Amino acid sequence: MRSALVIAAKDLRQRARDRSVYVFAIVAPLGLAAIFGFVFNPISDADFTATFAVANVDQGPLAAPLVDGVLGGLAQDGNVNLVHAASAEEATRLVEGDGERADQDVDAAIIIPAEFSARVQTGQPAELRVVQNANASLASSLALAIVQEYARQLDYVQGAVATVVSSDPARLADAAAIAQRAGTTPSPVSVRDVSATIKQLGNTTFYAAGLATFFLFFTVQFGVNSLLEERHAGTLSRLLAAPVPKRSIILGKAITAFGLGLVSMLILIVGTSFILGADWGNPGGVALLVVAATASAIGVMTMVSAVARTSEQGAVFSAIAAVLLGILGGTFFPINQAGGVLAGLRYATPHAWFLQGLGDLAGGSIGDIVPAIAALLAFTAVTSGIALVLLGRRLNP
Amino acid sequence: MKALAIAASNLRRFARDRANVFFVLILPMLLILVLGSVFGRGFEPRVGLVAPGTGDLTNALVDGLEAHDEFAVRRHTDRDTVVRAVERGELEAGLILPPNYDDAIRAGDAVEIDFIARPGQDSLSIRRAIDALLAEQMALPRIAAFVAREGDMPYDQALARASAVTGESVGVHVASTVAGEPFIGRRSWGQFDLGAQQQLMLFMFLTSLAGSAALVQTRRLGIARRMFATPTTVRTILLGEGLGRYGVALVQGIYIMLGTMLIFGVRWGDPLSAVLIVAAFGLVGSGAAMLMGALFSNDQQAAPVGVFLGLGTAALGGCMLPLYVMELFAPAVWTAAHVMPHAWALEAFEVLALRDGGVGDVLPFLGILLGYAAAFYVLAIWRLRAVLTR
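Protein chains in written order, with our numbering: chain A, 1 to 397; chain B, 1 to 390.
Hints in this document: simulated from the structure, not taken from any laboratory.
Take the hints with a grain of salt, since some may be wrong.
Here's a subset of chain A near chain B, in silico, CB distances under 8 Å, partners left out [as the list claims (entries may be wrong)]: (1) 40; (2) 97; (3) 154.
Because the structure is a prediction, the values reported are computed rather than measured.
Built from N, CA and C at the ideal position, the CB exists for glycine as well.
For reference, chain A alone in the conformation it holds in the complex (with noise of 0.2 Å):
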């Protein structure tokens, strides 16, 4: 055991004088995850406020439960923007952009054009009118959603007061009062919100996890790819020489890479939470999943190295190992929305599952993160015995 602490001090004090660690380890995980903070946090924090034109020509009593009732509703609570028009034409040109108020981005124009109430009333065919900005889908879609919504309602006021009259037409004269007790009548089915909390990561944890576990694997490959440059250096068969059993050798590298992925862990998740503003959630589970995810990492790159036979070949082949597990796991883009075999295909590795456990442990407690452990914990098993079996053969003097 001793030895195996003497070996690992070594290395590590031999890694802290390459500089290429820290840049794998520190400086491009925080700097990418920066970057990708600036550029992507922007479009999701975006305001959704949408802006209408409403040209209520017919000012009837048809057109004011929309207008003051349902959009000014809308636009007390700050969600839509009303700008009102004089006629259709104003409000038309206001989305094509070259009125006036040109300067305003209207996305959509909602028209009650004259007599509109009057036709409503006495069952006439009657028109509202909605002019989409081409550009805006997501906020024209709603007004014309408001509108076709309050159509609907007009319809079902008018179908029930029908319906009774006909069947009983001394009830006519009742027709405003069966009309409004028609209009508080609730629908039959009702949709309730139920909130589900979320277990996915915040954007800017999201890149900072993805990332950091992206480059853990190339940092722990610093500690795992050392026993191939021994053997290329010479140093290995004096190792092998000296009273020291090979297993502690084995051990020795274990530790260096433990130590490396343990430490760049801490610092990225200490970095990223006080200068991008991640949050990782329970430092408890958290601690818990860095640990069983380094060593997932340790057990897969060095069953990687195992296979190659220089230390040149090894860092080409764990660079490629640690790249495509990386993408396949989702770590640079939600992999999940690709449907089919790329989303299943994820959970073949162990990037998928650390990014789960955050995200199951975000939306929940400590104990939602088991199924992620072990999944990692299994990882670590398997590639580990591969790894020494392939090792055993190769550490022959």
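For chain A, the structure is supplied; the task is to place chain B on it using the hints.
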């Protein structure tokens, strides 16, 4: 010519490095495939549906949801699976119908459907679509329930009567028109086109920068010194190294263009213009590589720093988040993106792809790219003259 010989030996070194088979040839295609699969189809929200009951109304609702073109429905059998999937982002929303949906409505009782979503903007449009569908299907039952409550007739009779009455009436019509030209051009992008353009820029620059380590090695291993000891001018050596870097960038660029055309059917627009853009951007990438090769003295450091700079500049330059998204939602980021040469090359390709442009249309962009290249090369050569033999 000696410069060509130097360039050729650079390219041979590049070709012999077997790591490049993955990083230069396989990885770009893999990324374009993944990006096209994840982002290329346009995002269709997924809604989980639990509908255990049977009956006409249930079936009508399920059919209506499945036929809806604003989202895709995934049937599930239990609520907990749906909740967990929504929480994890595997579904955008979930709908849980009660088993007694039909019976309750016919009895005139109130029915509640649970809508499960994460708080935020995305679920609102799904919710609106579902509300609209329900309103349509519940129009007659709502009238029937009201009439039945008014005491005028039993539910089933009211339903039949409402159907007859409303069938004759005209209702309020909503007329919708669209004003203005859509921003996203006349030709619609193929699924992989945008990803291919972005990755072309990313990889040309990244491969150039990562390969600058080779130039550092040339200095460190004394190759440059030995070249200098022969009757060869510094100018020839620098030209040869520059051509070598350029060759690497061109190989990467042409490979991606041809490869994506063959494998993914990507369209690059007018061929001459496309080649000119690649040629110009190749100069930018190789200039940056020359500069890096001049500034670093340790090739072990140059490689990871090159990777970091390559990825970072690509992200800022519109190779990850598309420029048109930046322009719509984050103008400040869009402005910052145009500090990077990638953005100008991407704009040039957009002109080709979306507006059927030709050489004349991309000339301004070519000029800007050559400006970047000139700046890089001038700085690199100035520094290399001093440190070539160190």
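We went through each hint and held it up to the structure:
Hint on residue 40 (chain A) holds. Least Cβ distance to chain B is approximately 6 Å, under the 8 Å limit. A least Cβ separation of about 7 Å between residue 97 (chain A) and chain B falls short of the 8 Å threshold, and the interface hint therefore holds. Taking 8 Å as the C-beta cut-off, the interface hint given for residue 154 (chain A) holds, the closest approach to chain B being about 5 Å.
When the structure is compared with the earlier hints, no violation turns up for any of them.
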